[in-house]
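Undergrad: Numbering (this note's numbering), first residue to last: 468 to 619.
Source of the hints: derived by calculation from the structure; they are not laboratory data.
As the structure is a prediction and not an experimental result, all values here were calculated from the model.
Backbone N, C-alpha and C fix where the C-beta goes; we use that ideal spot for every residue, glycine too.
Careful: at least some of the hints might be erroneous.
[Stated by the list, open to error] Quick list of simulated restraints, FRET-style, between CB atoms:
hint	residue 1	residue 2	range
1	S520	L565	32 to 40 Å
2	M489	L547	15 to 23 Å
3	K473	S520	29 to 37 Å
4	P519	A481	39 to 47 Å
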Amino acid sequence: MSAIAKLSISQAPAAVILIRLMVGLVFLSEGIQKFLFADKVGAGRFAKIGLPSPEFLGPCVGGFEAVCGTLVILGLLTRLASIPLLSIMVVAIYTTKLPIFLESGLWKMAHEARTDFAMLLGLLFLLIVGAGPWSGDARITKNRSNGPRRTN
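Using the sequences plus the hints, can you model the full thing?
TA: See the structure below:
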């Protein structure tokens, strides 16, 4: 069995599509907005919070969010697509929510970070359980298991 097929196997229930839609649509939307409104949520925001090379980083992060968000929605290479998105969320929490915690305390940070934490946990869930039966991943594993078999 190929590595892609192994990554695609999932015993998750069909309802996991709801988590995929929640996570994928948020990332797709945010990725597109990093291009449409670069000064507010893309390179301009990255420069404001002190990230290096914001002119490069903004479109790069936006591209990963849009492409990986689409893959999550489709349930295609879901576990693989979750990894860069998890990295993006960890950096986002560290660079934007940790300063709020240090300046204003737990409750202000908890309020500001609710979407970030929901996305982080949703991605961890998808990484662990996979895309479920209504997904591109399920089609990959089904086609591999129903494909031609060798006989000796």
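Undergrad: For each hint, tell me whether it holds in the structure or not.
TA: To see whether the hints hold, each was checked on the structure:
no., hint, in the structure
1, S520 <-> L565: 32 to 40 Å, "violated (21 Å)"
2, M489 <-> L547: 15 to 23 Å, "holds (19 Å)"
3, K473 <-> S520: 29 to 37 Å, "holds (35 Å)"
4, P519 <-> A481: 39 to 47 Å, "holds (43 Å)"
Checked against the numbered hints listed earlier, the structure breaks hint 1 alone; every other hint is satisfied.
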